[in-house]
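**Student:** So you can see what is in the structure, the chains are spelled out below.
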Amino acid sequence: MSFRLYNYVLSGNCYKVRLFASLLGVSYESIAVDFHPGQEHKGEKLLQISPAETLPIMLADDMVLTETSAMLGWMASKFDAGKNWWPVNEPTKITLIIQWLGFASDLTLTIGEARLHSMLNRDVDVDRALAGGKRALRLLEARLTEQSLRGSQWLVGENPTIADIACFPYAALAPDAGLEHDDYPVIRNWLYAIRSLDGFVTMPGIHEVHKLRDTENTL
Amino acid sequence: MLGLERAKDDWYPVAIAGSMGECESHTTRLLGFEITLHGGKNGAISVNFGETDLAVQVKFDHVWTTFCDNPRPLFDIPEGDEPGRVRVPCGVVRVKCSPLRAVENFLDIAHFPFVHTDILGAEPHTEVAPYDVKIDESKNEVIATKVKFFQPQAAKSAGDGIVTDYVYRVAAPMVSILYKTCPPKPEAQDVITLFVQPLDEETCDVWPWMALYDYENSMADMISFQQMIFVQDRSILENQIPRKLPLDPRMEIPTRADMTSIAYRRWLKRSGALYGALTEAV
Amino acid sequence: MTTEPVGLSVNLPSQRVMQARVGDADIAVWRGVSGKLSAWLNRCPHRGMRLSHGFVRGESLACLYHGWHYGSDGVCNYIPAHPDLEPPGTIQTTVFSIIDQDGVLWVSVDGAAGGQDLPGDSKPVRSITFSCSAKAAKDALIGSSVADGSGGELSIHDIAEGSNRLEFKSANGLNSVVVLLQQPSDQSMIAHILAAGDWSVDGMIGISRWSETVRRQAERTKNVPNSDCQDEL
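Protein chains in written order, with our numbering: chain C, 1 to 219; chain F, 1 to 282; chain Y, 1 to 233.
Because the hints were derived from the structure by calculation, they are not lab data. One should not assume that every hint holds.
[Claimed, not checked] The list that follows gives simulated cross-link-like pairs (lysine-lysine, DSS-like), each with its CA atoms no further than 25 angstroms apart: (1) C/K78 with C/K93; (2) F/K41 with C/K42; (3) Y/K36 with Y/K123; (4) Y/K135 with C/K134; (5) F/K139 with F/K41; (6) F/K41 with F/K185; (7) C/K83 with C/K93; (8) C/K134 with F/K96; (9) F/K134 with F/K146; (10) C/K211 with Y/K36; (11) Y/K135 with Y/K169; (12) C/K45 with F/K156; (13) F/K269 with F/K185; (14) F/K8 with F/K139; (15) F/K148 with F/K185.
[Claimed, not checked] Rough simulated footprint, nothing fancy, chain Y against chain F, three-plus residues with beta-carbon under 8 angstroms: (16) 113-120; (17) 130-139; (18) 228-240.
Even glycine gets a Cβ: it sits at the ideal position worked out from N, Cα and C.
Kindly generate the complete structure, drawing on both the sequences and the hints.
**Tutor:** And the structure:
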């Protein structure tokens, strides 16, 4: 096992790690945490591991990681020999990737919060979260529009990077919070491109593209 | 409003038992009315509607309440009390759909390969074999038996794919109970339920509950599995048009695979359980 | 009801499906593997699921809920729960008329869709949704001139009363920007934007950014009372 993940099935942030591990073909140890209804991430057992009261928690190379950007960066550094997902030798690209990793946190704080409210009845300022989520989706749509005019369907450069992985979950889960994708045609196509990657895995709220199966290979 | 008076005679789940601290309170809705829950001593929970104290009982790890002074009795799940079962309240999930749509989806197996892909179903194993459905007149419940479906990962405790046997019970308009093959204990059946709290006719809080024979997986594993399944359904439920459940047969087209749903809709209609239903075609 | 533009062709590649709104109708628009277009009422006849969430298999659209397949004629041709059953021809979706003309998708819910001619070398820029009334969106567009991103400007040209088509032209008349307006609801407006003439990538990006500037203006003014909407306030 390459790392251990304290994991919650409905968390978009945990899903970033699950998705990227699957795209890289990396196996790991997953420990389910009862975030809802049990609030286990606020219990003493998990606070001993990380006092941040957040999920996911990743134990990797003697580090305790609580920020998904760091987790994605570590996984890319460790397991992507081709340096495609985190192109450390290209200063402009990694700078822009860091920019979009920061933006991914805005998606969590807006769409993620609104989703906690609309789905798990958490007490949040939902109007503010929805307005912020709409603003974030517009920024994402604008960036992807400009990228598509440059001939790329990805956030940075011509290939998918950890910036795409970081922004994908909460952008894709926006309808859970009542923010539909219909007004964002370029986001919709970018979501589809990610869902079509080899090794893609779903989470609840993000469905398969249901490509025709080669039935000889299934079951 | 159609069906409201009848709906008021039933019990509804509003909280997980023991989930509120002393002096804690919070407001929720039931059948369109605002009600307030208060935590008391030893985990007790009381419920107010305005100045009125509502009747409360704790069963299946949930707090149930009703607007009625003389309510219909709460159904029973005798298997749930069997020793050795792990009882798992799975937490609430809110859905923007009729409470009846949520129950009907729970009775449906044909969607497994497309919505719960590689877990409860997978292409090409999409066929739904004939099964039996009846109304149990003595209990006034809908019962579907001999339901079988191929499942790649039927439960958290299941290894490889198996043909799973199901029995479905609709014990109240907004309560569905399923009994399914228990992978580690073939002579017994797992109990999985959907208890639905109708916030209004087009919004509901769903409280899944399970009573399983599973000695290997953690509570968090079992809860995660059930939440995964139900939230996969949620995006379907929020995209069915109309949001209310149509009872007019001209509105939607069922097939033989939908016999449970057909029986459920007929039973709702004849019982006058029309809260959350559309009775005329639109 | 006239024909409405519902999107740019480039944003709906083959084997994809999207949602559109024309008048009161919620519509699923999709392309088969061959690129063939269809526009249907966005509702699976089986259990009411929005077909825009479905997936394309060959020349059929399948509903995400139970996988029922509908061919481009809108007739159900496969029910996975009964693989050996030939579905009765009565199971069908409501089919609307759609055409792809000069890179724009046009849908009519009450007759044959008729598109509009665009300058021959029109290239798609983007579709952008404004959260404001049609009037506020249109006023902001008409009141602006398009910055092309490289110092040039295009000004409004040829706006017929009541038209949902705006055209901006450069001083030399060689470059133009066409904006086609779709009104999905009282409080939203979608602008489908195309550019004709000689445009660099930066120039096209300039048009995209201009549309965001106009949107900010339109949404800022949306609540300002005027004689047209005093009754609503």
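**Student:** All hints, please: hold or fail.
**Tutor:** Consistency of the hints with the structure:
1. C/K78 with C/K93: holds, 19 angstroms
2. F/K41 with C/K42: holds, 23 angstroms
3. Y/K36 with Y/K123: holds, 21 angstroms
4. Y/K135 with C/K134: holds, 22 angstroms
5. F/K139 with F/K41: violated, 36 angstroms
6. F/K41 with F/K185: Roughly 39 angstroms separates the two Cα atoms, so the pair is violated.
7. C/K83 with C/K93: Between C/K83 and C/K93 the Cα gap is close to 12 angstroms, so the pair holds against 25 angstroms.
8. C/K134 with F/K96: OK: C/K134 and F/K96 at ~20 angstroms, within 25 angstroms.
9. F/K134 with F/K146: holds, 12 angstroms
10. C/K211 with Y/K36: Holds - the C-alpha atoms of Y/K36 and C/K211 are around 18 angstroms apart, at most 25 angstroms.
11. Y/K135 with Y/K169: holds, 22 angstroms
12. C/K45 with F/K156: Holds, at roughly 23 angstroms.
13. F/K269 with F/K185: violated, 38 angstroms
14. F/K8 with F/K139: Cα-Cα ~19 angstroms, so holds.
15. F/K148 with F/K185: Holds. F/K148 to F/K185 sits at ~18 angstroms (cutoff 25 angstroms).
16. 113-120: The restraint on the region 113-120 of chain F holds, since 3 of its residues have a Cβ under 8 angstroms from chain Y and three suffice.
17. 130-139: Check failed, 0 qualifying residues.
18. 228-240: holds (count 4)
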